[in-house]
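**Q** Residue numbers (this note's numbering), protein chains in the order written: chain A, 1 to 211; chain B, 1 to 101.
Think of the hints as simulated: they come from the structure by calculation, not from any bench. Since the structure is predicted, the reported quantities are computational estimates derived from the model, not experimental observations. Hints should not be assumed to be uniformly reliable.
Covered stretches of chain A, as calculated for chain B (at least 3 residues, CB under 8 Å) [to be verified]: (1) 86 to 96; (2) 162 to 172.
Chain B regions said to be covered by chain A (calculated; three or more residues, Cβ under 8 Å) [stated by the list, open to error]: (3) 13 to 24; (4) 61 to 75.
Take a look, some chain A residues computed to stay more than 10 Å from chain B by CB distance [what the hints assert, rightly or not]: (5) Ala-8; (6) Arg-17; (7) Thr-36; (8) Ser-64; (9) Ala-72; (10) Gly-105; (11) Ala-128; (12) Glu-134; (13) Ser-149; (14) His-153; (15) Arg-155; (16) Ala-206; (17) Pro-211.
Glycine is no exception: its CB is placed at the ideal position from the N, C-alpha and C atoms.
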Amino acid sequence: MAETATPANPETLRAARRSPASHLAPTFESGSVAGTVALTEIPFQTMVGIRVGRASDAGARLASVTGGLPAACGEISGDGRATTLWLGPEEFLVIAPESAHDSLGGDLVRALVEALGDDPGQVVDLSANRTTFELSGVRARDVLEKGCSLDLHPRAFRTGTALATEIGNIPAILLKSGEDSFRIFPRASFADFLGRWLLDGMREFASPEVP
Amino acid sequence: MLLISCPNCGPRDETEFHYGGQAHVAYPENPDALTDRQWAEYLFYRDNTKGAFAERWVHSTGCRQWFNMLRDTVSYDIQAIYKMGEPRPGMNATTPEGATK
Ligand SMILES: [Zn+2]
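If we strip away everything but chain B, and leave its shape as in the complex, we get:
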C-alpha cells in the first residue's frame, strides 16, 4: 500500500486515490488539424518509463482534487508531489524525451 501525501489532505492510503495516467500531455492546439495518426497518438500513446515518471492522481475519496506526482516505476518511491499546471520538478533546460510540456 502506497502512502500518498495529498497536497490538500496530507498522507492517506493509496486506496483513497485514483490514477490518471501520464502527466504533462498537452491538449493539441488545433485538434482538427491533426491527422488520424497524430490524434490517436495524443489519445492513446503514452511513455512506458522505467524509472522516474510524472503522472496524475486524484484524491477521489477525499478532496477530489487532481495533482501531479513524480514516482519511480521500479521502486514505487514517490519523489515529488506538485500542483496541476506546475512544471515537472528537477527538469533541466534540456527537455527529456516524452515531455511534451
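Next up, chain A with everything else stripped away, as it sits in the complex:
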C-alpha cells in the first residue's frame, strides 16, 4: 500500500475533490418538487468493502468494529457510527460519513484493516467507488418503480432494508432509509446516467395531476 511521506492536509483534499454528480446539483435542485419528491447527492461517504466469513474469528473482530455483520440478504446492521449492508454471504459494505475516513481525521479503514489482521478475507477502501443519492418524498417509490422490478411496497420492502439490484437497467444498491426515503448507491461512472434517469422519472410530479 502506498503511503505518502507527508499526509495531505484534509482541507487541501476537500478542495480538490469532485463528486460524481456534482455537475447535476443545480438540476437536482430545480427538478425536485417540494413536498412531493426530492433528489440530492450525498457525496464522499466513506465506504469499505469487507469479504469475510461471519462465523470466523476475523468476522467476529470485524463485527465488533462495524456494530455487527448482517446475516442475510436485505439485512443491515450498525451502531450509528457506520451502517453495514449485506452484499453476499461473505461480502459486506460498510457506509459511514466522510469524517470517518482516515484521510479526513477518522480511523474506520485502519480499524477494519487491523481487525482483519492476517486472516483470510478482504478490507478495501471503496469510498470512491460509489456515490450516494437520496430520493425522498411521498412520490419517491413511484419514481423508483418506473425502473426497478423489486417489490417496493412497504409490506415487502421495509425501512432498514438494503438490496443490490437494477435501477434504470444499471446495477445499484437500494437502501430504504425511511418511510418515504431511499438511499441509492450507484457506481461513480453510472451517477450521471442514474441522476438524469431519476430526474426524468420525477418530472411528471411537477405538473398538476390529470384527473
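We have chain A already, so just place chain B with the ligand on it with the hints.
**A** Same frame as chain A, but now just chain B with the ligand:
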C-alpha cells in the same frame, strides 16, 4: 423475462443473472495427461440437450454467487435450483449420458 429464484436473494429478474453454461463438467484430474482432443473436448464440447438441462448461473447484480439450475430448454420451465457441488436432483443410480459427475 425469466424470474429466477436466487438461493440467497429470492426471486429476481433474469437480467440480474449471467449464464455459466453446462453444470457438472468436472475439471480433469490430470490435465497434462490429456491428449489435445480430450482437452479440447473438456474445454469446448457441451451437451445440446432438448429438455431438462443442468446449468450454472451467477447472480451477478445481487449476491454474486454461483448456483446450479435444472431448466427445460424447450419450455424454459425452471425445475430445480440447487447449490454448487450438489448432485443434479432427480438423478437415478444410472448416470444418464453427458453427466460427467
Ligand atoms: Zn443472489
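**Q** Confirm or reject each hint.
**A** The hints, checked one at a time:
Counting residues of the stretch 86 to 96 of chain A whose CB falls under 8 Å from any CB of chain B gives 4; the rule of at least 3 is met. With 6 residues having a Cβ less than 8 Å from any Cβ of chain B, the stretch 162 to 172 of chain A passes the three-residue criterion, so the hint holds. A stretch counts as covered by a chain when three or more of its residues have a beta carbon under 8 Å from one of that chain; for the stretch 13 to 24 of chain B and chain A the count is 3, and the coverage holds. Given as covered by chain A, the stretch 61 to 75 of chain B passes the check, having 5 residues with a CB less than 8 Å from a CB of that chain where 3 are the minimum.
Taking the minimum C-beta to C-beta distance to chain B, about 34 Å, the non-interface status of Ala-8 (chain A) holds against the 10 Å cut. Distance check on Arg-17 (chain A): its Cβ is at least 28 Å (rounded) from any Cβ of chain B, clearing the 10 Å threshold; non-interface status holds. Every C-beta of chain B lies more than 10 Å from that of Thr-36 (chain A), the closest at about 28 Å, which supports listing it as non-interface. Separation of Ser-64 (chain A) from chain B is adequate, the least Cβ-Cβ distance of about 24 Å exceeding the 10 Å criterion.
Separation of Ala-72 (chain A) from chain B is inadequate, the least Cβ-Cβ distance of about 8 Å not exceeding the 10 Å criterion. With a minimum CB-CB distance of about 33 Å to chain B, Gly-105 (chain A) clears the 10 Å threshold, and the non-interface call stands. For Ala-128 (chain A), the condition that its CB be more than 10 Å from all CB atoms of chain B holds, with the nearest at approximately 20 Å. Every beta carbon of chain B lies more than 10 Å from that of Glu-134 (chain A), the smallest distance being close to 22 Å; the non-interface claim holds.
At roughly 5 Å from the closest C-beta of chain B, the C-beta of Ser-149 (chain A) falls inside 10 Å, breaking its exclusion from the interface. With a least CB separation of 15 Å from chain B, His-153 (chain A) remains clear of the 10 Å interface cut-off, as annotated. Chain B leaves Arg-155 (chain A) outside its interface by the beta-carbon criterion, the shortest separation being 15 Å against a cut-off of 10 Å. With a minimum CB-CB distance of about 30 Å to chain B, Ala-206 (chain A) clears the 10 Å threshold, and the non-interface call stands.
The claim that Pro-211 (chain A) lies off the interface holds: its Cβ sits roughly 34 Å from the closest Cβ of chain B, which is beyond the 10 Å cut-off.
Violated hints, listed in ascending order, are 9 and 13; each of the other numbered hints is respected by the structure.
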